[in-house]
Amino acid sequence: MTCGGSAPRDYEAKVAGGRALGDGSGLLAVECEDIASAAEPGQFVMVRPGSCGDPFLGRPLAVAATSGGIFKMLYRVVGRGTELLVSKRQGDSLVVRGPIGRGFFSSRGDMPLPKKVLLAGGSVGAAPLLFAARRLGMAKVAGVSMGVSGRGWEGFAEWLKESFPGVALFSDDGSVGTKGTALDGLPCQLPADTEIWACGPQGMLRALAAKYPEDRARIRVALESRMACGMGGCLGCVIPTARGNRRVCVDGPVFTAEEVLWNEFAD
Amino acid sequence: MSSRTEMHVSIGGLNLESPVIIASGVWPYEAELWSPERLEGVGALCTKAVSLNGRAGNKGVRVWETPCGMLNSIGLQNGGVRSFLDDYLPLVRGAYRPFLVNLVMESEREVRESIAALAEIPGIPAIELNISCPNVDGDGMAWGISAESAAKAVRIARSEWKGALWVKLTPQSPDLAGVAKAAEAEGADALVCGNTWLGMAMDIKKKRPVFQRVVAGLSGPAVFPLALRTVWQVCGAVKLPVIGCGGVASWEDATAMLLAGASAVEVGSALFTDFDLPRKIVAGLSTYLAEQKIDTVSGLTGLGRHE
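Sequences listed follow chains A and B, in order.
Numbering-wise (the numbering used here), the first sequence opens with residue 1 and increments by one.
Numbering-wise (the numbering used here), the second sequence opens with residue 1001 and increments by one.
Simulated from the structure, these hints should not be mistaken for lab results.
Note that beta-carbon positions come from the ideal geometry of N, C-alpha and C, so glycine has one too.
A hint or two may mislead.
Said to hold, decoys possible - If the Cβ cut is set under 10 Å, some of the chain B residues that face chain A in the computed set are:
1) 1026
2) 1027
3) 1032
4) 1036
5) 1057
6) 1060
7) 1066
8) 1067
9) 1068
10) 1082
11) 1164
12) 1249
13) 1251
14) 1273
15) 1275
Unchecked claim - According to the in silico footprint, chain B covers these stretches of chain A (three or more CB under 8 Å from chain B):
16) 99-108
17) 227-237
18) 244-250
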């Protein structure tokens, strides 16, 4: 198995800025011309927040935006590594490996783009969708539906509204937007010539695949997985697909919902 | 810049332009990563594990970060020896440097068949025999745990394979010196010391072990002092060249391995975070040699053992 894109490289990059969005989430901007110019929506980078081998591994974070030699990532603090990331200030150094994987565009191969795309995301899964919306142009985006857990995510929700005008916003506890999940903002029937591009927690993506059993080939999901290398070497991030194990890092992270064997895909 | 002769090492039938070898299980078969530019500083590469038949590998969580390291439970996922020969060997050869086919020590029959398949193809320079795998015909323990079963494993491989045979030891053996001596007596050309260390992780949210097989292999800088100790012990027990493997993440680590008696080092997990490590190790070694007024990197081997 070889990947479609070019292999990632390691860069020592500088933090260009950051913006906290509340409840441990935020945006981090990093200066790296090569990654900023080459990245496509759905691709990610491995960010090494530590030095001296601890934390040892990079953290996979999707590219949320690029402009002028800078790329942005959306993070949510989940452990020691992301805590260290948050402590980074403008001018601090970071080691980043990227851009990695096949995004929403390159994963299509020769398949033409659909007429319309619906974007559906959960919490920081919004990152690659924001990037995709910019690349597609809003005229092609038929709708944006986002879900967050609720209380504490108000700042993040404000940022979502800024980033996606007209976004349908849902939260588990109803404290932000409407009570429900991002799936509630999607139509019962997927219109012809329309695809759904999604990124979020595994449970949400699984439910998305279940919602449209006949149309899974028209649903593209950007998956997350525990991984060590981000270069296709460790085989730590594989997921079960109809074609056997596939690596999320370089064979994905974008797959069609049809490829993934959801029943065997354990959390 | 280092000169070629300065970094050249000759080990167990292979001539390497540098003493830095990419360990098995690390380097993917992505064409671009096998170009000379992406392999600067690399003296040789070990392929990902090859078994007779394809293996899907383990289910569930496969990697888990630990302080200064990581646990893995990949389960030797590979397409089998035929798939290796058909799909990947051309790419491996195209790197124009020595390589070792990392061969899983399975049952006697399987290993004989795998080696027969490899032996049919001219130009495969070496096998690295992984004896950390269980002897399913015997007691189920890893082949490399006891001197007796290690001897049997090496005897089987040696009888089939005429090329260079390196044996990758498991640090789980309570008798590492005995295993090393047994491998030497059975005709191994070099010993790789060693492999991952068995550990485990607990998912305290789920209140269950992280890995489906419970135990997993620990690697990364955390194991370096342990690996260095085993290299010291094994180098004291055998005359064969020894390749230090375990937690090497800097030129200083590589130097320490060589001073302890190793002829070269393998790097693994550290490549997960730094593609450029082999070049950095070679550069660091070169500067160190100049400072220490030592002509060649092989002159470092075992220097730390002299009073």
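Checklist line | Hint status (Cβ of residue 1057 of chain B to nearest Cβ of chain A, threshold 10 Å) | finding: Holds: closest Cβ of chain A sits about 7 Å from residue 1057 of chain B, inside 10 Å.
Checklist line | Interface restraint verdict for residue 1275 of chain B against chain A (beta-carbon cut-off 10 Å) | finding: 5 Å, holds
Check: Per the CB criterion, is residue 1067 of chain B less than 10 Å away from chain A?
Finding: 6 Å, holds
Item checked: residue 1060 of chain B as an interface hint toward chain A, with CB separation required under 10 Å -> Since the shortest Cβ distance to chain A is 6 Å, the answer is holds.
Margin query: A closest beta-carbon separation below 10 Å is what the hint needs, so does residue 1026 of chain B meet it against chain A?
Written below: Status holds, d = 5 Å.
Check: Can residue 1164 of chain B be said to touch chain A, with a Cβ gap under 10 Å?
Finding: 24 Å, violated
Margin query: Quick check on the hint: residue 1251 of chain B CB to chain A CB, less than 10 Å?
Written below: 14 Å, violated
Checklist line | Outcome, coverage hint (the region 244-250 of chain A, chain B; C-beta under 8 Å; three residues) | finding: holds (count 3)
Check: Should the interface hint for residue 1066 of chain B be scored as holding, given a Cβ-Cβ cut-off of 10 Å against chain A?
Finding: 7 Å, holds
Notebook entry, point to check: Was the hint right that residue 1036 of chain B lines chain A, CB cutoff 10 Å?
Noted result: 14 Å, violated
Margin query: Taking 8 Å as the Cβ threshold, is the statement that the region 227-237 of chain A is covered by chain B upheld or broken by the three-residue rule?
Written below: holds (count 11)
Notebook entry, point to check: Does residue 1273 of chain B meet its interface restraint, that is, does its C-beta lie within less than 10 Å of any C-beta in chain A?
Noted result: Hint on residue 1273 of chain B: holds, closest Cβ of chain A at ~6 Å, below 10 Å.
Hint compliance for this structure: hints 4, 10, 11, 13 and 16 are not met, and every other hint is.
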